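Asker: Residues per chain, in single letters:
2 protein chains.
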Amino acid sequence: MTSAEATVSAYWTALEARDWEAVARLLADDVVYHLPQTRERIVGRESFLRFNQEYPDGWHLTVNRLVASGRRAATWITCAYRGEELAATSFFDLDDAGLVREITEFWPAAYEPPPGREHLADRY
Amino acid sequence: MTSAEATVSAYWTALEARDWEAVARLLADDVVYHLPQTRERIVGRESFLRFNQEYPDGWHLTVNRLVASGRRAATWITCAYRGEELAATSFFDLDDAGLVREITEFWPAAYEPPPGREHLADRY
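Residue numbers (this note's numbering), protein chains in the order written: chain A, 1 to 124; chain B, 1 to 124.
Chain A with its partners taken away, still in its complex shape:
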């Protein structure tokens, strides 16, 4: 059984490669994918794979940060899609066999800062 770091790194590599068999091998049968922003929940390996396969293609994923410990991991990735760079942050729970059992994922959108803090913040 590999570490959570190796498993989650392999997960992103397989997803970027659209290597669906490799993705499937990393997931528990009853994987649950939570999207708290939309309150969507996708249950089961087949639904999870279809969700990704049916998503309009053209996306490319880069892992900026991966932190793992025990059966847990967190990542921050950049998704290049249709000329934009989107961030996603994901929290992974692995099961006792080292397979991904739960993913909670956020897709934070850009926004303009509220006024009143220009004296403290630079923009980049």
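Source of the hints: derived by calculation from the structure; they are not laboratory data. Keep in mind the model is a prediction, meaning the values are calculated, not measured. Just so you know, even glycine gets a beta-carbon here, dropped at the ideal spot from N, CA and C. Heads up, a few of these hints could be off.
What the hints assert, rightly or not - Partial chain B-side listing against chain A, Cβ under 10 Å, derived:
hint	residue
1	Gly58
2	Leu61
3	Thr62
4	Asn64
5	Leu66
6	Ser69
7	Gly98
8	Arg101
9	Thr104
10	Gly116
11	Asp122
To be verified - So, partial list: chain B residues that the calculated Cβ filter (under 10 Å) puts toward chain A:
hint	residue
12	Ala14
13	Leu15
14	Thr38
15	Tyr55
16	Trp59
17	Ala109
18	Arg117
Position chain B relative to chain A; hints supplied.
Answerer: Below, chain B alone, put in the same frame as chain A:
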């Protein structure tokens, strides 16, 4: 020197307590706080403290998940604020002295899911 897990746990506890001296003790002098969604960057302990002190109060933070390894950590928190529950995800880098040197933080907002995936996702 404590672990990244202990330091980041203490950071959220001190922030929730508005114990600014305790927060300050956990931060490097030249801490950098990145907000990629607004492309804001706040540099230095004093500016970081003022940013939090000047933020309209009433917020309450709960840590849902903390993953740490070596000098890095990631958290997913819930911020209760003005009758809403907001999520935030944060990635921490500690320096060699175990102080927080960089924080990259996201505040993902709720949104309605795009149509076409109702056959794969439950709502909660």
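Asker: Next, verify each hint and record whether it holds.
Answerer: These are the hints, each one checked on the structure:
At a threshold of 10 Å, the smallest CB-CB gap from Gly58/B to chain A is about 15 Å, leaving the interface hint violated. The beta carbon of Leu61/B comes no nearer than 16 Å to any beta carbon in chain A, farther than 10 Å, and the hint placing it at the interface is violated. The interface hint given for Thr62/B is broken, as the beta carbon of that residue sits about 14 Å from the closest beta carbon of chain A, more than 10 Å. Hint status for Asn64/B: holds, given a least beta-carbon distance of 8 Å to chain A, under 10 Å.
Hint status for Leu66/B: holds, given a least beta-carbon distance of 9 Å to chain A, under 10 Å. For Ser69/B, the suggested interface contact is upheld, since its CB lies about 5 Å from the closest CB of chain A, less than 10 Å. Hint on Gly98/B is violated. Least Cβ distance to chain A is approximately 16 Å, over the 10 Å limit. For Arg101/B, the shortest C-beta to C-beta distance to chain A is roughly 14 Å, which exceeds 10 Å, and the interface hint is violated.
Interface hint status for Thr104/B: upheld, as the beta-carbon distance to the closest one in chain A is roughly 7 Å, under 10 Å. Taken as an interface hint, Gly116/B checks out: its beta carbon lies about 8 Å from the nearest beta carbon of chain A, inside 10 Å. Using the Cβ-Cβ criterion of 10 Å, the hint placing Asp122/B at the interface with chain A is satisfied: the shortest such distance is roughly 5 Å. Given hint, Ala14/B at the interface with chain A, is violated; its Cβ is 19 Å from that chain's nearest Cβ, farther than 10 Å.
A cut of 10 Å between beta carbons decides the hint on Leu15/B: the least distance to chain A is about 16 Å, and the hint is violated. With a least beta-carbon distance of about 4 Å to chain A, the hint placing Thr38/B at the interface is held under the 10 Å criterion. Checking Tyr55/B against chain A: minimum C-beta separation of about 8 Å stays under 10 Å; hint holds. Restraint check, Trp59/B versus chain A: the minimum CB separation of about 14 Å is more than 10 Å; hint violated.
Satisfaction of the interface hint for Ala109/B is found here, the shortest Cβ-Cβ separation to chain A being roughly 7 Å, below the 10 Å cut-off. Given the 10 Å rule on beta carbons, the hint for Arg117/B holds: about 6 Å separates it from the nearest Cβ of chain A.
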